[in-house]
Amino acid sequence: MKALGIIETTVIFPYINGNLRITVEFVVMENFSIIHFILGNDYLIMYGINLHNNKNRYFTIGDNKHQKFALLPFRRQIAVNKLSPVSLELEKFKSEQLNEAEISLPLTDKQESELSDLLYDHKEAFASDKEPLWAIFEHEVEIILNIERPYPPLLRRPEYPASPKSREALEIHIKELLDLSVTRKVFHN
Numbered sequence: 001m002k003a004l005g006i007i008e009t010t011v012i013f014p015y016i017n018g019n020l021r022i023t024v025e026f027v028v029m030e031n032f033s034i035i036h037f038i039l040g041n042d043y044l045i046m047y048g049i050n051l052h053n054n055k056n057r058y059f060t061i062g063d064n065k066h067q068k069f070a071l072l073p074f075r076r077q078i079a080v081n082k083l084s085p086v087s088l089e090l091e092k093f094k095s096e097q098l099n100e101a102e103i104s105l106p107l108t109d110k111q112e113s114e115l116s117d118l119l120y121d122h123k124e125a126f127a128s129d130k131e132p133l134w135a136i137f138e139h140e141v142e143i144i145l146n147i148e149r150p151y152p153p154l155l156r157r158p159e160y161p162a163s164p165k166s167r168e169a170l171e172i173h174i175k176e177l178l179d180l181s182v183t184r185k186v187f188h189n
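Each step along the sequence shown adds one to the number in the working numbering, with nothing skipped, and position 3 is 3.
FYI, nobody ran anything at the bench for these hints, they're computed from the structure.
Note that CB positions come from ideal geometry on N, CA and C, so glycine has one too.
Hints are supplied without guarantee of correctness; some may be wrong.
Computed list of lysine to any residue pairs in SDA-like fashion (alpha-carbon distance at most 20 Å, straight line) [what the hints assert, rightly or not]:
#1 Lys-94 x Val-27
#2 Lys-68 x His-52
#3 Lys-65 x Met-46
#4 Lys-92 x Phe-187
#5 Lys-165 x Lys-175
#6 Lys-110 x Ala-125
#7 Lys-92 x Leu-118
#8 Lys-110 x Glu-91
#9 Lys-110 x Lys-175
#10 Lys-92 x Tyr-120
#11 Lys-123 x Ser-113
#12 Lys-65 x Ile-45
#13 Lys-92 x Glu-112
#14 Lys-65 x Tyr-43
#15 Lys-94 x Gly-5
#16 Lys-92 x Ser-113
#17 Lys-55 x Ala-70
#18 Lys-2 x Glu-89
#19 Lys-94 x Ala-70
Beta-carbon label-pair distances, calculated as ranges [stated by the list, open to error]:
#20 Phe-187 x Asp-121: 19 to 29 Å
#21 Lys-68 x Asp-121: 46 to 56 Å
#22 Leu-105 x Leu-178: 54 to 64 Å
#23 Leu-51 x Val-182: 45 to 55 Å
#24 Tyr-47 x Lys-185: 49 to 59 Å
#25 Lys-92 x Thr-60: 32 to 42 Å
#26 Leu-4 x Glu-112: 19 to 29 Å
#27 Ile-7 x Asp-109: 44 to 54 Å
#28 Ser-95 x Leu-44: 23 to 33 Å
#29 Leu-4 x Lys-123: 25 to 35 Å
#30 Ile-174 x Asn-41: 46 to 56 Å
Using the sequences and the accompanying hints, generate a full structural model.
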């Protein structure tokens with residue numbers, strides 16, 4: 001199966017409180033016809049859509065159980081937005097690299113798209129989990145971990161910084177809890 005492109009369309013269902021409009025994207029596959037139409041659980045719950053799979057597939061919307069809807073075959077030609085390797089890489093870049101990015105200015109869809117394209121064009125400037133920070137050209141970072149004596153100050157600290165008196169009090173308190181079976185000792189690596 002080969003992906004040929006994407007169709008973005010609006011599916012409209014008559015609804016008691018006005019029409020139910022859902023914008024969907026369909027991926028067009030070579031030599032493949034539509035068999036199933038999948039809606040997310042959030043739409044099913046939000047609009048009260050009930051699916052019925054008996055002799056004929058149909059669904060109802062809201063409290064009106066008498067008005068049944070069904071999907072009919074679609075034979076009209078539609079312009080398909082061609083998929084290119086660049087657009088697939090751009091979508092992957094958006095989902096992996098930019099999904100945690102926060103932009104403080106409110107942007108229109110066009111501005112957001114232009115910004116994404118610009119960031120994608122200069123994606124070599126970003127570090128990823130596959131390319132560590134020191135792999136960025138002309139921004140190499142040399143990290144030296146010193147584990148030889150004399151230790152750096154942070155490695156010399158005890159695991160729980162406390163005075164000997166408070167450490168002794170803590171050990172007594174832990175021993176009392178162990179004796180009362182309130183807690184138990186856990187051994188780990």
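Hint check results:
1. Lys-94 x Val-27: Holds, at roughly 18 Å.
2. Lys-68 x His-52: 10 Å, holds
3. Lys-65 x Met-46: 16 Å, holds
4. Lys-92 x Phe-187: 44 Å, violated
5. Lys-165 x Lys-175: Holds. Lys-165 to Lys-175 sits at ~16 Å (cutoff 20 Å).
6. Lys-110 x Ala-125: 23 Å, violated
7. Lys-92 x Leu-118: Roughly 15 Å between the alpha carbons, so the hint for Lys-92 and Leu-118 holds.
8. Lys-110 x Glu-91: 16 Å, holds
9. Lys-110 x Lys-175: 65 Å, violated
10. Lys-92 x Tyr-120: With Cα atoms ~10 Å apart, Lys-92 and Tyr-120 stay inside 20 Å; holds.
11. Lys-123 x Ser-113: Cα-Cα ~15 Å, so holds.
12. Lys-65 x Ile-45: Judged against 20 Å, a Cα distance of about 15 Å means the pair holds.
13. Lys-92 x Glu-112: 16 Å, holds
14. Lys-65 x Tyr-43: Given that 20 Å is the threshold and the Cα spacing comes to 17 Å, the pair holds.
15. Lys-94 x Gly-5: 18 Å, holds
16. Lys-92 x Ser-113: Holds. Lys-92 to Ser-113 sits at ~14 Å (cutoff 20 Å).
17. Lys-55 x Ala-70: 12 Å, holds
18. Lys-2 x Glu-89: 16 Å, holds
19. Lys-94 x Ala-70: 35 Å, violated
20. Phe-187 x Asp-121: 19 to 29 Å: 54 Å, violated
21. Lys-68 x Asp-121: 46 to 56 Å: At 50 Å between Cβs, range holds.
22. Leu-105 x Leu-178: 54 to 64 Å: 57 Å, holds
23. Leu-51 x Val-182: 45 to 55 Å: 52 Å, holds
24. Tyr-47 x Lys-185: 49 to 59 Å: About 55 Å separates the Cβ atoms of Tyr-47 and Lys-185, which means 49 to 59 Å holds.
25. Lys-92 x Thr-60: 32 to 42 Å: Roughly 38 Å apart at Cβ, these two residues keep to the hinted range, so it holds.
26. Leu-4 x Glu-112: 19 to 29 Å: Holds, since Leu-4 and Glu-112 (Cβ atoms, about 26 Å apart) stay within the stated range.
27. Ile-7 x Asp-109: 44 to 54 Å: 18 Å, violated
28. Ser-95 x Leu-44: 23 to 33 Å: Holds, since Ser-95 and Leu-44 (Cβ atoms, about 24 Å apart) stay within the stated range.
29. Leu-4 x Lys-123: 25 to 35 Å: Holds - the Cβ-Cβ distance for Leu-4 and Lys-123, about 26 Å, lies within 25 to 35 Å.
30. Ile-174 x Asn-41: 46 to 56 Å: Check passed, 48 Å falls within 46 to 56 Å.
Checked against the numbered hints given earlier, the structure breaks hints 4, 6, 9, 19, 20, 27 and satisfies all the rest.
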